[in-house]
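*Asks:* In case you want the letters, here they are:
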Amino acid sequence: MFGYYIDLATRSLKRNRALTALMVLAIALGIGTSMTTLTVMHVLSGDPIPAKSAQLFRVRMNVFPDDTFTQGKETPDNMTRRDAEALLHDARADRQAAMSAGSMVVTPPQGEPLGVEARYTGADFFPMFGAPFRYGHAWSRDDDAAGARVAVISGALNEQLFGGGDSTGKTLRMGDQGLRVVGVLGDWDMNPRFYDLSNGQFGDSEQVFVPLSTALDLKLSTSGSTNCWNSAPDPHAASAPCLWLQYWAELDTPAKAAAYRRYLDNYIALQRQAGRFSHPGQVELQDVMQWLDAKGVVPSDVRLQVWLALGFLGICLLNTVGLLLAKFLRRSGELGVRRALGASRRAIFLQCLVEAGMVGLVGGAFGLALAGLGLVLVRHQPTDYATFIHMDLRMLLGTFALALLSSLLAGLLPAWRAMHVAPAAAIKSN
Amino acid sequence: MELRPILATLRRHKVILWLLMLEIALSCAIICNGVFLVAQRLQHMDMPSGIAEHELVQIQQAPIAPPSDRYARAQEDLATLRAIPGVQAVGMSNQVPFGGASSNGNVMLSPTQPHRTLSAAEYFGENLVQTLGLRLVAGRDLRPDEYVDADVVIRELASGSGKGFPVPMIVSQALATRLWPQRNPLGRLVWLTPTASFRVVGVVRTLARANAYDTATAQYSMIIPLHMGADKDQSYLLRTRPQDRQRVLAAATAALKRADPTRVVTHARTYDRIRSDYFKDDHATAGMLVSVIVAVLLVTGLGIVGLASFWVAQRRRQIGIRRALGARRADILHYFQTENFLIVTFGIVLGMVLAYGISLFLMMRYELPRLPAGYFPVGALVLWGIGQLAVLGPALRAAAVPPVVATRSV
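Residue numbers (my numbering), protein chains in the order written: chain A, 1 to 430; chain B, 431 to 840.
The following block holds chain B by itself, in its conformation from the complex (with noise of 0.2 Å):
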């Protein structure tokens, strides 16, 4: 096809031309930004937790005063929980992956250094390896003997002295990694605080935090064995088989009334729903984002027909005589898909430009990553296909044009 007859007329429709590349500059760039967003929020919701998610209950409860003694009643819940049929595990914790409350530790690697290395989750609770389906990849899991009920604990630190340290501990893999990269953790210790440290005994595969925010650090965790009284901000975890889980959640919630008819409990579902609590946010502006692109796309899509069916009106005289001087349907035809074709690939020329910048704003404002050199062909492949779609129905209509028309005026 002899391009230079569509520059020519292209030349002569220069506003059009602007107005059509501008048009597909910005389509492209919002696609390619749009895209990328999409992705990372997708890549973010798949982020893993390391737990048997679709195992996992959790139950959450408030007593009405506390009671006499906090520990002896969280023994007692988790032995009433254990007797429930169904139930392969029972465990308690502080925090959940991706629960939204978090407690974290300033991890340090000497008691003297002035700033923490890094922060990072700290888990407390009973049975949490076997309960949450930890892989553990290095090391040994916590023995029951190594639990210290928490206020013994704080009471120490409290006086100063450093009674009871190093407890045992298990970290993840990434913290792991983090802390010291390429050497074997086991045996290892750190500091929460000058006077608490903690030594290594277990590595888990993965665990991530409850707040996890940033991916970087996501799974940056640690397991202690501390004994934590029964309490409104502690949850108990139950693992059951998948099918037996709403059941469960029946006969726990039913159970734990009984023990005690004064308590409120505050919160009874699966894990899926806190997973998918923690990642809503995520999942209604990764919807947002997808019917912006389908309706850019459907917009620029309509712009282009309406724009080529007016240029094959217009030349419908032209196209007249070509036809009688002797082109072909065919040539007709693909003149204006080349022409659609060009346009295009200016507009996308532009846009990579325009993708670009819009990139670099976002990475200012919303401390996102740079756009990677991926995306730039996909928004460049969607509006090439969007735009001979466009065109063909009009580009058609011109090839059915009869070479009669040449010969009648208007």
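For reference, chain A alone in the conformation it holds in the complex (with noise of 0.2 Å):
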């Protein structure tokens, strides 16, 4: 039966090409409209890393002195070298690291010196963060605690620089310093770059990663915010007012992360005891995708995109409902004649509905197209996250279901008119 339905419809559209064609035209442009923004937004706001997002947290803390604190107002996002550094000393979390972006001019073995992007962080940053190694290793706490003058290259440095090989080993040099290459990282990039949003929502992720010790003894320079709440001569000394270093800890279980807050707690009354600040202060624990919403990582622009393009499908598919209710209406006579022959309700109403859903199908296929098209102008576009779009297999899957679900949607309507058409008036009125 169901194919008989199958031939029956693609009888009617192949009679009047023209209507089906504005039919298609409508369905493929308002899918391919609203699969193109759905893309974007289901790319933005995608896990960065899946297997850790709910082990991984943001740590944030409002230690501003009275004069400065305002009751409400967001925590801020970065840290004092001085609660970075208690937090660290007190390593209450299965790992934790405390970070800040840099840049660093380094001189490869031949040619020009070279600006590259750098990360200030710890030996737990690596295993936190899931960043492979191709060659050697992250180095350790002691290097940590020592300020080795060790760098962690990423692959696409090393082939800059040394042309790729095992490069453990060799010298990162910066005029007359030397940073000892002890690990080189294999594929690794984080997009959104959840670990710190201050240098680019979307991006490369960092080229050299240096011990934050180190990074503080040859004084490096850093990139990102730094807000002082006072003058400070040098903004990264131990105890300077200021607010500059990213921190994560890495807490394996719900019970954990809850002591892990408790403990939070007490380090902010404790520091109210110590005589800092007298509010009762504030304490942000967030996992990567609480983290990443409340920084609103997917731009509001995206968002309105896809309302419209919603909206767009809308008018699409109202457009489809009255070609679909004309057509099927100006065939009363034909389904008449069926009816009188015989075929229930229900079989026209079935009949109509496999008519509209080929309609929706091709006009998914067409829409499938546009949506690559328009994809490939969002990829064109100069937007940061421009070139980490791209359609995956669920949303294609997607495509082909909000098609056949739309149309079918919009031959509901449509078929449930012409199954009550009457058949004797049918018939006499042809």
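In case anyone wonders, no lab produced these hints; they're calculated from the structure.
Errors might be hidden in some of the hints.
[Said to hold, decoys possible] Examples of chain A residues toward chain B, derived with CB under 10 Å:
id	residue
1	Asp176
2	Gln271
3	Val321
4	Val378
Given the structure is predicted, the values throughout are model-derived calculations rather than measurements.
Don't be surprised by glycine CBs; every beta carbon is placed ideally from N, CA and C.
Take the two lone chains and join them into the complex the hints point to.
*Replies:* In structure tokens:
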């Protein structure tokens, strides 16, 4: 029976090519636009580190002195060196890392000096954020304590400076200073760069990683926001009143996370007792997805575009409903004959839905092509996230599901009306 | 044209009438809001910087290790850049309008007030008024002898001494008007910390901030006479003729590299590039909005064509009868045109309500301003136009139906 409906639908669609083309075009445009914007949304709101996003927590606290503290204001993103070092010293989490972005100029064995993006952090960073090593290994916690002159470099920089290969033991030169390369990373890209959103939310990961203690010793230059509540000749000094370090903790179970939260509350209480401030202070412990959500990583423009595209899909569907209705009613005579020959209302209803579904599938196929074209256009936009936008299998299947669903939805009303055609009147009026 | 027969016919096709009306209403709502959003983006992208945009290039460099005297290095670099042929003025700044990375200060009108009055951009650096081409509207430019090394000021502030203050400064007109409405800003004092006071000696017409997100505060800027040391966050700014920009950039990069071969020039670009980079998201969004608006018009137009064709085909016989009874071709044409006008008008009325609702939603969700009343007629006019254009073909086909159809059975 289903095959017969498909045959009938094909004939009917072929009979009025212009109208069919119009419906297919409307569905295709609506689906294409919606899927383009939904794909952008899907990619941007994706989980950058699915295996660990529930175990990694951004730690934030408000330790402003009373004259800078405003009740209810958002807790600052970054921490002072004093607090970060206190938390690192206590080491209550399974792993923890304080970090800052930076930039360095390195001198390759041959050629021009090179500006590189750096991250100054601790030994735990690499296992915490799942950074894989192609050669060598991370530096040790002893290296952190000693401010050892070591570095981990990205695969790309290894290629650029040393021509690839195992470069552990080689020296990364910065003028008359040198850092011993202990590890070379494999492919590791986090997008969005959730661990530090302040230096571009999307983009390549850093090329050089250096122990924070070493970077402080060598006075390497930092990037990103530094917010001081008082004048500070050296904002990176041990007790400087400046917020500049990101702090992350890995807590493997919810129980540990709860315990860690209590520890932080306790830490703040102790700071208050010590007389740093008299307000209650604030502590935020957010896992990766909560953190991304709080920072509004999906640009509001993208959300706006999704709403717009869905509105447009609505217009396209209304359009299709109207055209299908017109089409079915125009065939009242034929439908009347089928009813008179014994077809049930259900059969007519299904036949009409099959026709609507076919329009949807063809429209979906064209819509997929349009979405592909739309994504090419998005990738050519000069936005930070442009290069990461791609369609995955889920969105591909989603396209057809949305096309089929919406065309069936559009077909419901016309099919309902069609099955209620009175056979006698329809045949007679013909 | 008699409306009653048209309304009577429409009443008999309620479902299709409602579908068309809803479609037009939704289109109208999207077009009104869409055009408004595009206009807003364009207006935002048009924000004045106050500087001679087409005559400026920016160079940023990073040394391999901090030079022993950053201030001396900066002065050497400026002298090197000044010697390049075609360079009209050389300046140095910690930020540029629409540059993104910003430095802002909390402005207070008295040293004891508990909270800031407002936040304004702090431009530090050399020779900014002349190099950027700012228009002084009151007072004077900063004098070379008024400049102090930034480190000296920071040390004084950290020690809590008020030595050396008040420091002279220049403010933008927008900031002056906001702080001292309808009063002469010259000679007045502001505080950036309880011990750091500044005296206004000059007012420039316009100088936008580096992160001008909010149009209302985008022009709140101050210029403070601080020598900045050479480091990666400072920009060298060069003023030149528009046609010399690329040549000057290349020459300046080469000259800086010659002076210190171990440094890296991280940015060498025209100011036009900086501006277009800053507004790239607005550009992309405006493009997207325009394409959706066009697509909405296309789909709505084609939908009207489809349904009108269906109606014409369905009423062929009735049209024939009307023609046989004496109706002229023009009568038939006008009938369909009027019918379309009525449907579109109903849709527009519904669409206005919807547009207003969407605007309220956008206001809550995205902090957008309310849709101005002026955009409602825009949506209406566009849809009337599209409707008439779309119905013209089918209506002409209807007008061409010969009276003889009336006498034929099917």
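*Asks:* Now tell me if each hint is right for this structure.
*Replies:* Evaluation of the provided hints:
A least Cβ separation of about 7 Å between Asp176 (chain A) and chain B falls short of the 10 Å threshold, and the interface hint therefore holds. Among the interface hints, the one on Gln271 (chain A) is violated; its C-beta lies about 22 Å from the nearest C-beta in chain B, farther than the 10 Å criterion. Checking Val321 (chain A) against chain B by beta carbon gives a least distance of about 6 Å; that is within 10 Å, so the hint holds. A least Cβ separation of about 8 Å between Val378 (chain A) and chain B falls short of the 10 Å threshold, and the interface hint therefore holds.
When held up to the earlier numbered hints, the structure conflicts with hint 2 and nothing else.
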